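A.B. asks: Chain residues, written in single-letter form:
2 protein chains.
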Amino acid sequence: MQKIRIGILGYGNMGKGVELCIRQNKDMDLVGVFTRRNPDEVKLITKSAKAYHINEAKEMTDIIDVMILCGGSKSDLPSQGPEFAALFNTVDAYDTHAKIPEYYDAVNKAGLKSKKTCVIASGWDPGLFSLNRLYAEAVLPEGKNYTFWGKGVSQGHSDAIRRVEGVLDAKQYTIPVEEALERVRNGEMPEFSTRQKHLRECFVVAEDGADLSRIEKDIKTMPDYFSDYNTIVHFISKEELDRNHNKISHGGFVIQSGKTGLNYENTSIIEYSLRLDSNPEFTASVLLACARAAYRLNKEADFGAKTVFDIPPAYLSIKSNEELRRTLL
Amino acid sequence: MQKIRIGILGYGNMGKGVELCIRQNKDMDLVGVFTRRNPDEVKLITKSAKAYHINEAKEMTDIIDVMILCGGSKSDLPSQGPEFAALFNTVDAYDTHAKIPEYYDAVNKAGLKSKKTCVIASGWDPGLFSLNRLYAEAVLPEGKNYTFWGKGVSQGHSDAIRRVEGVLDAKQYTIPVEEALERVRNGEMPEFSTRQKHLRECFVVAEDGADLSRIEKDIKTMPDYFSDYNTIVHFISKEELDRNHNKISHGGFVIQSGKTGLNYENTSIIEYSLRLDSNPEFTASVLLACARAAYRLNKEADFGAKTVFDIPPAYLSIKSNEELRRTLL
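Line by line, the protein sequences give chains A and B.
Under our numbering, the first sequence has 1053 at position 168, and the numbering climbs by one with no breaks.
Under our numbering, the second sequence has 1072 at position 187, and the numbering climbs by one with no breaks.
Just chain A, same shape as in the assembly (with noise of 0.2 Å):
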């Protein structure tokens, strides 16, 4: 069997996920890991793989069947995406849902032009979340669709509780408020504010005589991040925070509540959830399976951007169809 090969732009946590995660699919082998910084300093897991300056990466497209892009949506994807898509197959995870269009829009010119095939916006939201929100709507048209996310780490609200003063680490959750699950279990169908479908937990260091008050009330009332939401603030130790929060867990639910019937008297619930020790190795092997359904859609001329709406279930698999047939069906 001809393996597919592998390309990783960018070695940040999601980019080290990949690499990781490319060591548990059999039909695929790790060429190279590209990056902006030194390749001298990145020292990769892979023996068999090498670290280049992303400047070499357009010399080896007969090398690589499928790069996967790790940048992130705000700075880098915008440009590498149509970038990277006139060279490769590429897979991403852009995730800026109100911008999706637009990216789909100048990935897909890239990549028809170079009959290159490129999955966007793929990973668990959006992605398996995505998913799951299709399938539900589509079975049960006349119902309604909850996304709720965590227990897990936010590193945007992280990064902005550590802005604060006084502030010297911190680590967010985001976590759904539990009685509002337990309704939209029910079958009730409500409408949440804000407030009422998640809390924010937050677990802050402090500098040596800061005023806790004070740094508290400046995260609960932050706007946009915390305002709307009911916030609680743990002060701890730096110790507690790397031994007890070292972890970049995430998870959430996507729950569909529908009704069926002469008179709507029968419910339906389906409920879809993740629960991700490591946010950043989930989302790789996420990516990865949709690097093989690339890599298979381009043998087939199948080209431009693709999302995960695009992608029969089957091109996912390892498995052959008949073998799928006979094992999962």
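You may find that some hints are simply not true.
A pair holds if it fits inside one copy or across any two, identical chains being indistinguishable in the list.
[Unchecked claim] Straight-line C-alpha distance at most 25 Å; calculated DSS-like pairs for lysine-lysine:
hint, residue 1, residue 2
1, 1029, 984
2, 1132, 1144
3, 1029, 911
4, 959, 1132
5, 1132, 1029
6, 1036, 1144
7, 1144, 928
8, 1204, 1029
Calculated from the structure, these hints are not laboratory results.
In this text, all values refer to a predicted model and were calculated from it rather than measured experimentally.
Given chain A, put chain B in place with the hints provided.
C.D. replies: Just chain B now, kept in the frame of chain A:
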């Protein structure tokens, strides 16, 4: 918009469910119900549709876009599947898991010849549960997948109890063992015996003066159906059975537990669950989403047998690809 014109073959619980659920899909119209009975004796809910004898179907190939086959997997579909695939795009809920490859081949052959598109083995298991097994396994290749059924009514087990001497009526619920679910959710990846995964709860109406302890023993020791399970038997009145056990409810869980990380130190749990007041109406709802896909795939000249594994998710939705990307991704 040209609506998708639907025919229903078979007017049992599922056929009736399909009729009800068509009204929830704005892009579909019911043309007719086809039955082996005298069609004059079949009263439809849909005013604009008519009941026909099954033999009339072959004259109506130009006014029906998709025929939903609502017969049973044991005695109806093995012949009806290929027979109707020769005439119509079809959707069915064939659920004899072990014989799916054989059934697929027969329907595929007929559909390729007639240039029709035929979605087989749809519904929720096989169907939505199969999809979740595939997605979860593709994303977490080093893991273990568990399917639990219930709490829900098993028609086959209820029938088996009714055949016990002295039993007037009965309803059997299959129930996942809570402790087993918890162990899977904890990432333990346990191996289970049949008895450890599900228990069976039976509500039995006995004849006046019947030997209840003999009936209970006959049920609990019944091979294939009950002897491998922990079984609870309640004797109740006919009135109570009709009042409290009149819904054909069902549901279940597909849970994947997987490991990632350098030393497999991170666990991911993917859980999908259904809780359905009406098993036939929910199954019907899935079949209709698949009917939409069959119709569209056929327009694109993608003929032969298909399963949910082959269908790009977007084909199931009434929304356009642009709208899906904008609203659900």
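A.B. asks: Each hint needs a verdict: does it hold in this structure or not?
C.D. replies: Verification of the hints:
no.: 1; hint: 1029 - 984; result: within (24 Å within a copy, 36 Å between copies)
no.: 2; hint: 1132 - 1144; result: between (39 Å within a copy, 14 Å between copies)
no.: 3; hint: 1029 - 911; result: between (40 Å within a copy, 17 Å between copies)
no.: 4; hint: 959 - 1132; result: within (23 Å within a copy, 51 Å between copies)
no.: 5; hint: 1132 - 1029; result: between (33 Å within a copy, 23 Å between copies)
no.: 6; hint: 1036 - 1144; result: between (29 Å within a copy, 19 Å between copies)
no.: 7; hint: 1144 - 928; result: between (54 Å within a copy, 24 Å between copies)
no.: 8; hint: 1204 - 1029; result: between (34 Å within a copy, 16 Å between copies)
No hint from the list above goes unmet by this structure.
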